[in-house]
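*Asks:* Could you build all of it, start to finish, from the sequences and the hints given here?
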Amino acid sequence: MMKLEKKDILGIREMTVDEINLILETAESFLEISTRDIKKVPTLRGKSVINLFYEASTRTRTSFEIAGKRLSADTINISASTSSVVKGETLIDTARNLEAMNPDIIVIRHSAAGAPHLLASLVSQSIINAGDGAHEHPSQALLDMMTIKAKKGKIHGLKIALVGDILHSRVARSNIYGLSKMGAEVVVAGPATMIPRDIERMGVKVYTKLDDAIADADVVMMLRIQLERQKQNIFPSLREYAQHYCLNRNNIKRAKDDVIVMHPGPMNRGVEISPDIADDPNYSVILDQVNNGVAVRMALLYLLSGGNE
Amino acid sequence: MKLLLKGARVIDPSQKIDALMDVLIEEGKIGACGTAITASPDVKVIDLTGMIVAPGLIDMHVHLREPGLEYKETIASGSAAAVAGGFTSIACMPNTEPVNDNRSITEFIRRKAAEANLANVYPIGAISIGSEGRQLTEFWDLKEAGIIALSDDGKPVMDAALLRRALEYASSLDLPVIQHCEDKNLSAGGLMNEGYYATILGLPGIPAIAEDVMVARDILIAEYTRTRIHIAHVSTAGAVRLIRDAKARGLNVTAETAPHYFTLTDESLQDYNTNYKVSPPLRNATDVGAIKEGLADGTLDAIACDHAPHGRTDKEVEFEYALNGISGLETSLGLSLNLWHDGILPLPELIAKMSCNPARILSLDKGMLAIGSDADITVINPDLPWIVDVKSFHSRGKNSPFHGLKMKGRAVLTIVGGDIKYNGLAEKP
Chain P
1 MMKLEKKDIL
11 GIREMTVDEI
21 NLILETAESF
31 LEISTRDIKK
41 VPTLRGKSVI
51 NLFYEASTRT
61 RTSFEIAGKR
71 LSADTINISA
81 STSSVVKGET
91 LIDTARNLEA
101 MNPDIIVIRH
111 SAAGAPHLLA
121 SLVSQSIINA
131 GDGAHEHPSQ
141 ALLDMMTIKA
151 KKGKIHGLKI
161 ALVGDILHSR
171 VARSNIYGLS
181 KMGAEVVVAG
191 PATMIPRDIE
201 RMGVKVYTKL
211 DDAIADADVV
221 MMLRIQLERQ
231 KQNIFPSLRE
241 YAQHYCLNRN
251 NIKRAKDDVI
261 VMHPGPMNRG
271 VEISPDIADD
281 PNYSVILDQV
291 NNGVAVRMAL
301 LYLLSGGNE
Chain C
1 MKLLLKGARV
11 IDPSQKIDAL
21 MDVLIEEGKI
31 GACGTAITAS
41 PDVKVIDLTG
51 MIVAPGLIDM
61 HVHLREPGLE
71 YKETIASGSA
81 AAVAGGFTSI
91 ACMPNTEPVN
101 DNRSITEFIR
111 RKAAEANLAN
121 VYPIGAISIG
131 SEGRQLTEFW
141 DLKEAGIIAL
151 SDDGKPVMDA
161 ALLRRALEYA
171 SSLDLPVIQH
181 CEDKNLSAGG
191 LMNEGYYATI
201 LGLPGIPAIA
211 EDVMVARDIL
221 IAEYTRTRIH
231 IAHVSTAGAV
241 RLIRDAKARG
251 LNVTAETAPH
261 YFTLTDESLQ
271 DYNTNYKVSP
281 PLRNATDVGA
291 IKEGLADGTL
301 DAIACDHAPH
311 GRTDKEVEFE
321 YALNGISGLE
331 TSLGLSLNLW
341 HDGILPLPEL
351 IAKMSCNPAR
361 ILSLDKGMLA
371 IGSDADITVI
381 NPDLPWIVDV
391 KSFHSRGKNS
401 PFHGLKMKGR
411 AVLTIVGGDI
421 KYNGLAEKP
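In order, the protein sequences belong to chains P and C.
Note that the first sequence covers residues 1 to 309 in my numbering.
Note that the second sequence covers residues 1 to 429 in my numbering.
Treat the hints with care, since some could be wrong.
Heads up, incomplete: computed chain C residues facing chain P, CB under 8 Å, no partners named [said to hold, decoys possible]:
no., residue
1, Tyr196
2, Thr199
3, Leu201
4, Leu203
5, Ile209
6, Ala237
7, Gly238
8, Asp271
9, Tyr272
10, Asp314
11, Glu316
12, Val317
13, Glu320
14, Tyr321
15, Pro385
16, Trp386
Read the hints as simulated data drawn from the structure, not as lab findings.
All C-beta atoms, glycine included, are put in the ideal place defined by N, C-alpha and C.
*Replies:* See the structure below:
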């Protein structure tokens with residue numbers, strides 16, 4: 001087995017197919033640990049992982065914390081608010097202080113795109129980007145790829161539709177890179193206000209109508225709509241959005257019969273996804289995503305700690 | 001002191017001179033210009049064989065930060081940066097703290113500049129009080145105090161009626177109005193040029209049309225009011241086209257661009273280096289090509305570096321929180337000389353855009369080597385190789401994306417009013 005040669009996990013854009021496969025295979029081997037009675041292995045005993053979250057997060061932070069604990073690492077959670085950053089300590093000073101305490105890995109989430117890159121350039125520890133602005137969310141894309149691979153047996157050749165606010169979505173960007181690298185056909189859909197300019201150059205096809213995007217899709221990934229975008233006139237109302245972009249029993253028939261439905265969470269039931277679909281085990285793999293998320297994050301912590309050495 | 005500059009290629013676009021000549025400086029003025037001038041014993045002779053003697057360069061768009069933001073720059077440090085970069089005259093924007101919107105601030109700037117005694121410093125006054133876009137400042141009073149132009153700088157006049165009144169009122173006292181063209185509604189929240197690189201970096205975009213619609217609007221207002229307007233730091237292909245069309249229709253529109261807009265694209269932002277964060281933002285390769293065309297065909301009259309020095313705390317932060325700007329005075333000439341090295345502009349045209357053209361726009365008696373004019377002279381070694389090192393900057397602002405860049409050509413001697421204010425002739429490359 002090869003070794004991950006990276007110091008940091010900042011984005012899927014910089015990852016090779018071999019690296020993605022290594023992470024997914026390592027994650028698959030970790031799945032079993034979470035099914036044990038005693039869900040803990042001593043692999044990372046004595047290592048410390050800091051979760052530095054500048055943005056609210058329940059799922060991702062908990063997932064990283066559980067991942068660390070299952071590998072016996074000491075995990076420390078820091079919730080910082082960006083408002084205090086503007087007035088108080090800079091990210092650079094925070095980074096230097098954390099570095100002086102000599103942790104092994106720092107997991108960072110930040111509302112400003114590029115903040116993990118700044119951190120990575122300053123400290124010797126490994127940095128994992130747990131989401132930066134609208135830029136990347138690599139562990140999410142990896143758990144999505146792991147889920148698709150588990151359900152479909154492959155990623156190559158699948159048609160995968162990402163639907164919703166692509167403009168503001170780091171999940172979309174990381175998945176576009178990852179799924180394209182793995183050989184999938186990626187299409188995106190949303191009203192034109194939610195499609196970032198020149199996204200075609202990322203190798204995706206763009207649709208403005210849900211029905212066109214999900215036709216014959218193997219995988220449909222719905223993205224969360226944030227109500228505050230309404231104020232920026234990205235969309236006029238949740239009502240109208242739901243009428244045209246909500247995945248439901250009716251429009252999903254346009255996709256392949258064995259289509260799987262994904263959502264990075266948290267869901268707005270009845271807005272981008274109808275409860276019927278979200279709760280239907282024939283379609284929804286949303287909780288598999290969450291389960292795989294722990295395994296993927298275990299794999300990242302393990303590989304960055306020099307696993308396989 | 002009398003100075004005789006011997007053996008250089010003298011380029012004075014204002015008189016269409018481009019010849020090997022000697023230049024004699026007496027009592028702060030150009031005393032003589034000709035071949036084989038012989039020196040009397042009281043004249044200091046400087047051999048400038050292989051060099052270019054040009055009218056003192058003028059940068060019509062700099063930020064000197066004083067009063068109020070002295071940790072970024074002072075009038076003295078900015079003046080030192082100017083002469084080290086080859087500029088004998090600079091025009092400073094009013095976005096100090098407080099804003100230069102009244103006589104006392106203008107007088108303060110002029111006093112500090114006189115104390116520094118390096119470059120000629122020409123204050124630009126605010127169009128509106130506090131540059132807040134509501135109430136006009138006292139243009140006459142500011143002019144009497146010494147301003148040479150009006151601008152609200154980075155807070156463009158969004159209110160079209162206010163701009164109309166500003167252009168009309170300024171025209172009655174022949175003050176040029178300089179507008180930073182940016183529709184603040186279209187650019188709201190944006191951090192870099194909208195396009196592929198903003199998309200992959202996940203940074204909110206500033207569309208080129210934020211600049212274009214404002215340029216179009218301002219040209220229309222200037223046309224209707226039969227006034228002149230100067231467009232600052234043009235960065236888009238659309239703006240170049242609009243200005244070209246306006247000039248073709250005979251309108252009194254002038255424009256400048258900055259070296260970074262013909263040198264860099266938004267592709268440079270890929271590692272979130274905040275030194276590339278400027279306003280307007282770095283655009284794409286098509287825009288850069290259009291800027292070069294605009295310079296070559298005369299659409300863009302002047303090169304001004306938009307010198308925007310910042311302290312470390314302004315730039316060593318997340319990209320989103322970083323302030324806009326490049327400390328540009330000490331790299332402007334070197335980057336501009338690339339236009340000549342690359343065959344885009346002949347040297348006399350390049351020098352015109354950095355001397356007599358800005359002088360004409362600002363109605364300054366500068367930018368020429370005519371007998372009797374002020375002896376403001378920049379001596380350029382056009383091929384001297386050097387490497388940009390921000391640590392050697394005279395400016396307090398070390399914020400430059402060009403740090404480490406190999407350059408070809410720079411100012412080696414800067415003379416202001418007959419006095420040598422910067423002498424790099426002895427420096428080894």
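*Asks:* Check the structure against each numbered hint from earlier and tell me which ones fail, lowest number first.
*Replies:* Going through the list in order, the structure violates hints 5, 6, 7, 10, 15 and 16 and respects the others.
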